[in-house]
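*Asks:* Chains A and B, in that order, give the protein sequences.
Just so you know, we're using the numbering used here here: the first sequence kicks off at 53 and counts up by one.
Just so you know, we're using the numbering used here here: the second sequence kicks off at 4 and counts up by one.
These are computed hints drawn from the structure, not numbers from a lab.
Any given hint might turn out to be false.
To be verified - Distance condition first, Cα-Cα at most 35 Å in a straight line; then the derived DSBU-like pairs of lysine-lysine:
1) LYS236(A) / LYS109(B)
2) LYS214(A) / LYS6(B)
3) LYS109(B) / LYS261(B)
4) LYS129(B) / LYS236(A)
5) LYS129(B) / LYS182(B)
6) LYS214(A) / LYS129(B)
7) LYS236(A) / LYS261(B)
8) LYS266(A) / LYS108(A)
9) LYS236(A) / LYS256(B)
10) LYS57(A) / LYS266(A)
11) LYS175(B) / LYS214(A)
Claimed, not checked - With beta-carbon atoms standing in for the labels, derived distance ranges:
12) GLU21(B) / LEU114(A): 44 to 54 Å
13) ASP74(B) / GLY271(A): 53 to 63 Å
14) SER217(A) / ASP74(B): 51 to 61 Å
15) LYS214(A) / GLU121(B): 57 to 67 Å
16) GLN133(A) / GLY189(B): 33 to 43 Å
Cβ atoms here follow ideal geometry from the backbone N, Cα and C, with glycine treated the same way.
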Amino acid sequence: MIHTKRLATPYIVWMVLFTVVPLGIVFYYAFTDSITGQFTLENIVRIQSYMPIFIKSIWLALISTLVCLIIGYPVAYYIAQCPPSRQRLLYLLVMLPMCISFLLRTMAWVSLLDDTGIINRFIQAMGMKPLPLIRNNGAVVLGMVYNYLPYMILPLYSVILKIDSRLIEAAQDLGCNSPQVFTKVIFPLSMPGVISGFTMVFVPAVSTFYISQKLGSSGTTLIGDVIESQFKAAYNPNLGAALSLILMVLVFICIGITRRVSGTEEVAMP
Amino acid sequence: MSKELIRLIDCSMAFDDEIVLDSINLSIKNEEFLTLLGPSGCGKTTTLRIIGGFLQATSGDVLFDGERINDVPPYQRKVNTVFQRYALFPHLDVYENVAFGLRLAKLPEQEIDDRVTEMLEIVSLKGFENRSISQLSGGQQQRVAIARALVNRPKVLLLDEPLGALDLRLRKDMQQELKRIQQTLGITFIYVTHDQEEALSMSDTVVVMDRGRIQQIGTPEDIYNEPENAFVADFIGESNILDGIMLEDYVVKFFGRKFRCLDSGFEPNEPVDVVVRPEDVEIVSPEEGQLTGTVTSVTFMGVHYDTIVDFHGFKWLIQTTEHHNVDEVIGIRLGPDDIHIMHRSEYSGMFGDYSSYSEEYDEMNDPDLYPEDLSDESSDLEEETAEEGSET
């Protein structure tokens, strides 16, 4: 035991230095006054006015996560059914976009969707009116889905791959037709993958700021944008820290609800 | 046990040009306990999967109650399966595993509860309703698998090496249990195994298979006492298989000597395979013996001694309760009912000679393939290996 513990030492040091200590600092800032440095609950109280933004952030992240699940599940299922050589190829294709910078990918969508972007120029060339493709909720959801889809597909794929084919035969044997095999056996058994895919998409989506800044408008300001501006523009790190803290709590609550609803504690990592 | 329930007509199966089943014809009667017995790769599991509907025969027909069911998917067949290594649903508890088929059939909740409870009682798992599958031992999982299949009251239960993963003691208990359940409920059992003892002790009918073909169908007694060829004689129990010539009805000649036997219907002077079971040989003094030989090895097996005796360079296995010393010269006597005559087959000369063991051992790396052939005259250690091979 002692030997295996030692192997984790570098990571533990890393965690303490760059996660636990910063969290403590966030905690400290969240409960102190920006000028006097005295203990105060004012930052937490002020957050009330940001509630609509919190709700909007969670709402958009939830929609994106569900869209990722709806698109990602069939893809993951299909890949898991392929012969191994094709599986490797498809796995690579899913991973490929992640090799390109996140900023670059989002900028690419801007140049596609912009009022004078590639799609609208094409539409105008066809003699039609340009479409409002950017600076709305839809564009933000699109950006989230595009960027986070691989995080949904990979854990689902690895869980579906491990489902014993004899369980499927057993289900058929006991009277399941194909849709029933899916709803009664395959989907319940892939639940750990659904949960970890859900978590891995929802958490970054709910706290993103870059996607909403580039693809959204002033109407789609998300909580990530507010936090960023508190630190960079408004110079109120205390309020920013309080917002981060509340966001973290809300994320934990959301994940807890999902797990409770799905009735599983296991989480599969790709 | 009267009318026919399932019939396979000329069923063949090929995977990528490799023929796994070669024109199987088989009739299974209602309420019968039928066992498909053979070494791994003989096609027994393939046959079972064709009956279950998980595989479609490349050619041939499957009839159920006189109706062709080739294209009927598994979920519409009146058969249920106990899978190798059980295939229980890990996301459901014991109760829900057993209730699975009944819920799909949309039975009323009360009936589901009654039947699940009754079935758990039959397999002695009362009180385990809310356990999760991972908390159960192998034997308990086995019982859940049987209950899950039987609760649907199928006309036929297919069992694919259901006891293969259990230890010897538990396996013996479960054999009795299965036989009891089959007789109580009056369901047709089709049972796949490579364990000949299991097949002989449980079945009404044994179907011996090898190389994708049926070698013999019969009652356990028929299969043991009247094997049709050298493969069956060797696979079921131990056999000394000798080259002989059938001089006329009831007279066979081997080792240059004529013997009386009970077999007839052969061509005059037809070359045949002669089977002598090791327990049927009577050891007498050299003067009284029809044949004389030298003891080359003796192994104590508990109930008897495995004694290897050299007759003119051909070694026999003789099982005797009396101990004989190595290098002792003994005589043997064979009565007419100790000798069984078989037509020559593709298997002639491959089995039943206990002298060629050590050379064969190098060639045969798979102990599952022909486990009975691994008897040895020189080494006790290898003798044990052979015994294990025949039991697993």
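*Asks:* For every hint, state whether the structure bears it out.
*Replies:* Now the hints, each set against the structure:
no.: 1; hint: LYS236(A) / LYS109(B); result: holds (14 Å)
no.: 2; hint: LYS214(A) / LYS6(B); result: violated (43 Å)
no.: 3; hint: LYS109(B) / LYS261(B); result: violated (70 Å)
no.: 4; hint: LYS129(B) / LYS236(A); result: holds (25 Å)
no.: 5; hint: LYS129(B) / LYS182(B); result: holds (20 Å)
no.: 6; hint: LYS214(A) / LYS129(B); result: holds (32 Å)
no.: 7; hint: LYS236(A) / LYS261(B); result: violated (69 Å)
no.: 8; hint: LYS266(A) / LYS108(A); result: holds (17 Å)
no.: 9; hint: LYS236(A) / LYS256(B); result: violated (66 Å)
no.: 10; hint: LYS57(A) / LYS266(A); result: violated (44 Å)
no.: 11; hint: LYS175(B) / LYS214(A); result: holds (33 Å)
no.: 12; hint: GLU21(B) / LEU114(A): 44 to 54 Å; result: holds (52 Å)
no.: 13; hint: ASP74(B) / GLY271(A): 53 to 63 Å; result: holds (58 Å)
no.: 14; hint: SER217(A) / ASP74(B): 51 to 61 Å; result: violated (21 Å)
no.: 15; hint: LYS214(A) / GLU121(B): 57 to 67 Å; result: violated (35 Å)
no.: 16; hint: GLN133(A) / GLY189(B): 33 to 43 Å; result: holds (41 Å)
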